[in-house]
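4 protein chains.
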Amino acid sequence: MTLTKQLIEWRRDFHRHPEQGFLEMRTASIVANTLEQLGFSLELGKSVMKEDECMGKPSTETTANHVKWAQEHGAIEKYLPYFQDGYTGIVATLDTNRPGPTIAFRFDMDALPILESNEPDHIPTKLAFRSIAEGSMHACGHDAHTTIGLGLATLLAKKQDQLNGVIKLIFQPAEEGTRGAKAMARAGVVDDVDYFIASHIGTGVPQHHFVAANNGFLATSKLNIGFSGKSSHAGSEPEKGKNALLAAASAALNMHAICRHSGGDSRINVGELHAGSGRNIIANSATIVAETRGETSEVNDYMKEQVENIIAGAARMYDTAYSIELAGEAISCKCSEDLAKKLAETAEQHPFIEQVTLVSEDNAGSEDATYFLEAVQKRGGQATYCIFGTDLAAGHHHEQFDINEDTLLPAVEILFTIACDLD
Amino acid sequence: MTLTKQLIEWRRDFHRHPEQGFLEMRTASIVANTLEQLGFSLELGKSVMKEDECMGKPSTETTANHVKWAQEHGAIEKYLPYFQDGYTGIVATLDTNRPGPTIAFRFDMDALPILESNEPDHIPTKLAFRSIAEGSMHACGHDAHTTIGLGLATLLAKKQDQLNGVIKLIFQPAEEGTRGAKAMARAGVVDDVDYFIASHIGTGVPQHHFVAANNGFLATSKLNIGFSGKSSHAGSEPEKGKNALLAAASAALNMHAICRHSGGDSRINVGELHAGSGRNIIANSATIVAETRGETSEVNDYMKEQVENIIAGAARMYDTAYSIELAGEAISCKCSEDLAKKLAETAEQHPFIEQVTLVSEDNAGSEDATYFLEAVQKRGGQATYCIFGTDLAAGHHHEQFDINEDTLLPAVEILFTIACDLD
Amino acid sequence: MTLTKQLIEWRRDFHRHPEQGFLEMRTASIVANTLEQLGFSLELGKSVMKEDECMGKPSTETTANHVKWAQEHGAIEKYLPYFQDGYTGIVATLDTNRPGPTIAFRFDMDALPILESNEPDHIPTKLAFRSIAEGSMHACGHDAHTTIGLGLATLLAKKQDQLNGVIKLIFQPAEEGTRGAKAMARAGVVDDVDYFIASHIGTGVPQHHFVAANNGFLATSKLNIGFSGKSSHAGSEPEKGKNALLAAASAALNMHAICRHSGGDSRINVGELHAGSGRNIIANSATIVAETRGETSEVNDYMKEQVENIIAGAARMYDTAYSIELAGEAISCKCSEDLAKKLAETAEQHPFIEQVTLVSEDNAGSEDATYFLEAVQKRGGQATYCIFGTDLAAGHHHEQFDINEDTLLPAVEILFTIACDLD
Amino acid sequence: MTLTKQLIEWRRDFHRHPEQGFLEMRTASIVANTLEQLGFSLELGKSVMKEDECMGKPSTETTANHVKWAQEHGAIEKYLPYFQDGYTGIVATLDTNRPGPTIAFRFDMDALPILESNEPDHIPTKLAFRSIAEGSMHACGHDAHTTIGLGLATLLAKKQDQLNGVIKLIFQPAEEGTRGAKAMARAGVVDDVDYFIASHIGTGVPQHHFVAANNGFLATSKLNIGFSGKSSHAGSEPEKGKNALLAAASAALNMHAICRHSGGDSRINVGELHAGSGRNIIANSATIVAETRGETSEVNDYMKEQVENIIAGAARMYDTAYSIELAGEAISCKCSEDLAKKLAETAEQHPFIEQVTLVSEDNAGSEDATYFLEAVQKRGGQATYCIFGTDLAAGHHHEQFDINEDTLLPAVEILFTIACDLD
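Heads up: the protein sequence lines correspond to chains U, W, H and V, in order. If you're matching positions, the first sequence starts at 30 in my numbering and goes up one per residue. If you're matching positions, the second sequence starts at 30 in my numbering and goes up one per residue. If you're matching positions, the third sequence starts at 30 in my numbering and goes up one per residue. If you're matching positions, the fourth sequence starts at 30 in my numbering and goes up one per residue.
Simulated from the structure, these hints should not be mistaken for laboratory data. Being a predicted model, the structure only gives us computed values, none of them experimental.
Because identical chains share one entry, a pair is satisfied inside a single copy or across any pair of copies.
Each computed EDC-like pair below joins lysine to aspartate or glutamate, with the alpha-carbon atoms no more than 20 Å apart: (1) K269 - E301; (2) K188 - D450; (3) K259 - E428; (4) K269 - E334; (5) K188 - E65; (6) K269 - D294; (7) K269 - E337; (8) K259 - E334; (9) K269 - D330.
Could you put together the complete structure from these sequences and hints?
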C-alpha cells in the first residue's frame, strides 16, 4: 500500500472511532502497535504521564466502561493494560546511535463531545467513515494529527540512514480542554529534547500555506466550581438554609466583573451554572463551569487568582463550603525563531507549499503543547508550533468539520525533512 | 363491605396508584364511576375547569403518555374522554329537591413527584400498597382526601332523607403547586354555593384534634422564568453574545433583595437556576424556578410585581428576551367565623374528637382552595377550611409520610353531620 | 412657681438647647444641679457608663467643640468635668432609709440631627423656644422626658415621707440610634433594682390614653461598615487596584438578599453608600451605613450575623480590608405583666387618663431601654415600658414635631403615685 | 526680550494662574490679545464652539464666579464678553494671501483639579510660580502647550514671508475630561484644513526625542449617571420605597461585568458611587461617576451601549427614574503617515532632537484632539498627533509634575519649520 493510501486509511479509521480525552485506548493501542512494528522503543501510560497533573479526567466508571467499548471496536488487547486507567500517552523513541540532536514531535489523539452531522453531503457520511460513537467526533483534526504522526514514523523507520541523533514521537491524550500535555511535560518526556515541534492542521490557514511559528495561544484555566450549602423549606424555615444558588449567582456576576489587565487581553466566562433541586427549597448545591484566558500566562494567572478570591468570598457570604477543581490549563508561548526559520525554509522547498508565514500572532485559542515548548526552552532547547493549512468544510468544533486529506502527505514529508535537516 | 373497610380499600388503592397534578385520570375515572353509581349528577373535565386558568400543566406529550398508563392500571375507559387532555376535575351534585342551602365540599386528588420509601417499616411497603408509579407518591394525604370524599358521598346517598337543599362534591386536580383550583373557581363551580368547606388531614394537628378554621395560608405565586440571549464563543468573540446566564444570576440576586413588607410576612425563593451549555460559550439561555409568598394576597402581589420588574430589568441589562410563566398561584383567606363555629360544635359532639380549635392562624404553607373560599364569600356565602388531626409517620412531602387510617371514618361522619345541620 | 409652670419652663429651655447623643453636657449639668439641690445622691459620667459599651460616640474633636458650646449656653461649670468627654449619664438616688423595694425610672435626654421648622405656626417658633442649635432638634420628645424626670424628682423630694425603699432616677444619653443605654446597663446601674419603669410620650398613642406595657420594640443593630482597597489608574493599570466600590456594591446587594426569618419580622437597610474619589481611579475606599432589625433579638442577631458573613465575603472577593463598627444596638423586650397591671390600675385612677391599654404589641421602632428591662428581669425584678399619649403636631422625627404640654404634669403624677404604691 | 525668555515668562505666568476646563478666561484673554497684536484675525467663543456639544461644563454659578477671579488676576477685560459664559475657544488665522495649503495647529489651555505640591524642591515652588489658585494646577503641561502656541504665532508673524497658504491656530478649552474639542470640531473650525497637527509635551517620551504620530489613544466616554427613586422609612414601611441605592449597586456590578471585546482593549470604571441620606431611610437617590474606554471607537461605543442597557435595566429593576449625562468623550485615531513622515524629517534636522519615532502605538490615555483629526481626514486632509519628549519631575497629573523648559523653543521651531515646509 502506498503511504498516501495508508494515511487516508488510518485517518478514516480514527475518524470513525473517535475517543475523547483520557479515553483514547483504541487509538493509542493501534498507535503503539504500529510504532512497535516499525521498530520504535515505547514508553506507555503512567510511565510518561504524571498522574496528579492530569486534569479533568473522566470518572473511574466512565473510564472502565470505555475499556469495553475499545475492546469491542478493535483495540489491540496487548496494550490495554497500559491504557485502561485512562493514562493513554505514548512516547516512541528511535535512536540512530549516531551523534546528533534529540528531536521531538508532538501529536494529539483525542476527539470532542460533538454529535457528528449526518447530512448526506458531509464527506465522512458520504464515504461511510462518520463517527460510530454517537456524541463523539473528530471535529478538530486530531485524527489527522495521529495519522501524520504514524506517517512520519513510517518514513523515519524506512529512511533511518538519513537521520542522526534521537527522534521522539509524543502521542498526547486530552488536548481538548487543555488537560493532557502538562502531565506528560511534568513526567519529563521532553527533558532531553533539543528541538521540539508541535503542529496543527487547519485553524483558518488556507490549503498550501504553512505557518512556521504560532505565538497567538491564550493561556487558559478551566475551572469546575462547586458550592455546598444546606437545604431548607423556603416557606417554613428559610433562615435554616445556606443558599448555594445565591453564592453561585453572586460569584458568577463578580467573576465577570474582574478588572481588565493592562498587560494584555483577558477573558472570563461562566459557561454553565446549575443550582437547586426544587422551587420551594433553599438550594443546597450549585456548580459553575468556567474558564479564564490571558494573552500571557501572567494575565491568565491574574484572572485565576481573582476567581479564587471571588469564589472564596461568595462562599463566605452565604456560609457555604466550596471547591475549585482545575479541569484543564494551558500557558502562552513564544516560539523559538531560529527553529521557526529552519521550518520555514524547509516548507518553502516543498512543492505543495505556496506561501509561508514565519511568525503569526493571531489569536488561535488555547493549546497545551505550550507546556512542552516551555520545558524545552527552559533547558536551552528550541521549540515551535507550526500550522499546516488545509481546506475546511466547516470551522473547528463544528459538526460538519472536515479536512482536505491532500494535506496529509505533504505534512508528513515536511516534518520528515526537518528531522533530517536539524543538527 | 363496611364503610370502614371500603374507606381503607379506596385509600390504599389510590395510594398505590398516585397520579400527579392534571394527570389524575385513573383516580378521577374511579371517583366519577363511584359517584355516578351513587346517583350523583356529574360534570366532568373542561365543563368545570376554565382551560386558560390551569397553571403549570404538564406537556401534551406527558399527558398523552399518562393516558396509556391509566388505561393499563385500571382506569375506567368510559370516563377517559373527559379527562384525557388533563382536565381532571369533577363536580358531583345531589339535589334533594327540598328547599335548603347549597353546600359544597372540596377534595383534592393529586400526588407528588417523590420516590416513596421502600423501608420495610414504612406501612405502605409493609402492607403492599406502596406506590407502583416510581417517582410519584401520595405524600400529602390527598389519597385520604379523595377517600373521605367518596365516603361522604356514600353516606349522603344512603341517608339522603336527612338532607335539604343541594350538595356539591368538588374533586379538584393539581392542588400541589397550587395549580388547579383557580381554573375550577373561575369556571363558576361554586357560584351558587352558600356554604363551602375544604378540609385537610394532618398538617401537624394531632390525632383526635380538629381545627374548624385555618387562616394561616400564605398567598403564593409559582413562577417559571426564562431568559433567551445569544450564544457566542467566549474566547474569540465574546462581545457578540447576549449573556442569559448573567441576566439570570443578576435577577436571582435582586429577587432575593426585594424589600420586606410592613403588611406581613413575605417569602421569595429562587429554587433552581440552570443556564448555559458549555464552558467556552456565552450562555444563550437560562431558566429560573421561583416562588413568592405573602401573609396576605396584597403582600404576595407586591412580591410578584417586584419580581416582574426585576426580570424585565435583568433582561434589559443583558439585552435578552424573557418570559414569565405563572405555574401556580394561591391567595390567602379568612374563614367565615359563623360557619367555623358550626363545624366546631359538630366536631365536639363526635366521640373521636378530643380537642377543637376554632381558629388557627398558624402558618400552614399555601393552598389554592382559597380561590373557592374567596368566590363563595364574595357572593355572600360562608366558607371555611378545616383540619382533621392525624398521626403522621413523617411530615408532609416526606418519603415516609403516612397517615393513621383511623381518622378516615370520623372525618366522613363529621362532614356528613355538617351537611345535615347547615341551613 | 407652680410645678406646672416649672415643667413648661424646663421643657422649653431644653427644647431651645437641644444636644445630640453623648453631647448632652448642658442638659446633664442642669439635671445634676437640680437633683443635687433636691437632695439626691449623684453618680455622674464614667462611673455610671461602661466606656467601651458606648456606641457611635462622636469624635473627640466634636466632643471638645461641644464643651465650648455648652459653656457659652448656660451649662453649669461645676459638673462639666464629669461630662466633658461625652459620658453624660446620671444616676440620682434617694434612699428613704425605710425598708422597701428599689425602684428605678429612666429618662432620656438627647436630641436629633434635624433642622427645626421655622414655620410661624410651629409652636416653638411662635413662642420663641425653637432650637438655637441649628441642625439639632428635640423632635422625639426627650426634652419632655427630661422634664418629667425632674418633675418626678421634685415630687419625690417633697413628699419623701410617702415613700419606702430606694428610688433611682436614671438620665440616659444617646437613646437616638440606640447607643447609650447598654453602657449604663453594663455599668450595673440597675443591678440592685426591683422595679424598673421607662416611659415615652406620644408614639401615636392619643392624648388622655396610657399604655402600661409596650412590647413592640424591634431589636436592632446599627452598623458602620468600611472597605479599604487600593487605588489605581483605571485606564493604564486597572489590575493593580483593589476595588472597594465593587466590594461595597456587592455587599449592599447581598445584604438586602439576606433570607427572611420564620421567627418573626426582620429588616435590613443599607441607607448610605459612599465610594470612590474620581472617575478614572479604581476606588480605594467605601463606606456603608446600615441597620438590621428583628421582631425578636434572635431574629436581629441572625440578620447581623449574616451581614458579618457578607461583609467578610465581599472583602474577600475584592481582596480589601474591612471594618464593622457597631454604632448602636437594642434588643427586644417583653414587659413584666404584673408590674404593667399595677401601672394600669394607677393610671386608671388619674383624672387625666380616659383609656388604658395593658399590653401593646404594636411595632414602635427600636428602643435601648430594653437593656435595662433585660438586666432587671434577669435578676428577678420586674420591668415595663409605658407610654403617655399626647397630641402631636407632627410625627416623631419630623421637623414640626411638637407635644401637648398638658401631658407633662399627669405623667409626673402617675409616675410618682407608682413610686409610692410599689412594694 | 528673546523668544526663549518670553516663552519662559508666558509659561510661568500660565502655570501660576491655572484655570480648569471652560473657565480659561484669563488665559484665553491673554492669548487673544497677543495674537491680535501679532496680526492674526480672531474668532472667539461661541462662534468657534457648538454650544450643545460642550460636555461636562461647570455650572452657571461656578462660571460666573470665575469671571470675577479672572478679572482680579489680570484678565484682559476687552475679551471677557466672548469668554464669560465659559466658551473659551479661540481660532486665530494668518492668511498669507499666497496660494498654498491651510494648515492648523491645536493647543490646549486648561488645568486640572489638583492641589499643587508646596515641597520646597518643587521647581514652581522654589522659583515662585506655583499655582495661586489653590486646588487647580497645570499638572499636564497645557501651560507649555499654550506657550508653544504663542511662540509659534510669534515666529509665524515675524517670518510670514517664508509661508504660503493659510495658517490657523486653534486654542482649545477643556481637553481634560475630553470635553472641549468636539464642540470646536463640530463648529467646523477645521473644515477647510488640509494639514492638522496637534502636539503634546512629555507623556513618557524622553527629552530630545520626538514622536511624529501617536495612535495609541483610547476612545472614551465619561458618564454621569443618576437614579431617582423614592424614600421611605426602612423600619415601618420599607415596601413604599424605590431603592435608588440598590439600583446603583446593581448597575455598578453589572457595568464592570460587561463582556470583553475581541476587537481590542476595553476599560470600564465606576469611579464614584454616592447614595442615600440616612441609615434608616430607603435611599431615594444615587449617583455614579463612570467612564468607558476602547482601543477603537467601535470598542468604546460597544462599552457605552452596554452601560446604557445596564442603567436602564437597573432602573427598571427598582422602578426608579434614571439619567445619563455625557460629561466628556473622545474617539480613537490613526495618524496620516505621509504627514507624520514629513514631521519626522523636519524634526530629525533640528539639533535638539536626538531620536525620532515615526509611529507609536503605545497606550497614551485618551485625547479629544482626535475629533479634529477625524474631521480633517474625513474631508481628505492629513492629520497627526506628535509628541515632544521632555524631562518630567513627576508623571502627568501628579502634584509635583513639572517639565523641562528647554523643550519649549525647539518645539516652537520645529512646528514653525513644518508650517514653512508643507505644501
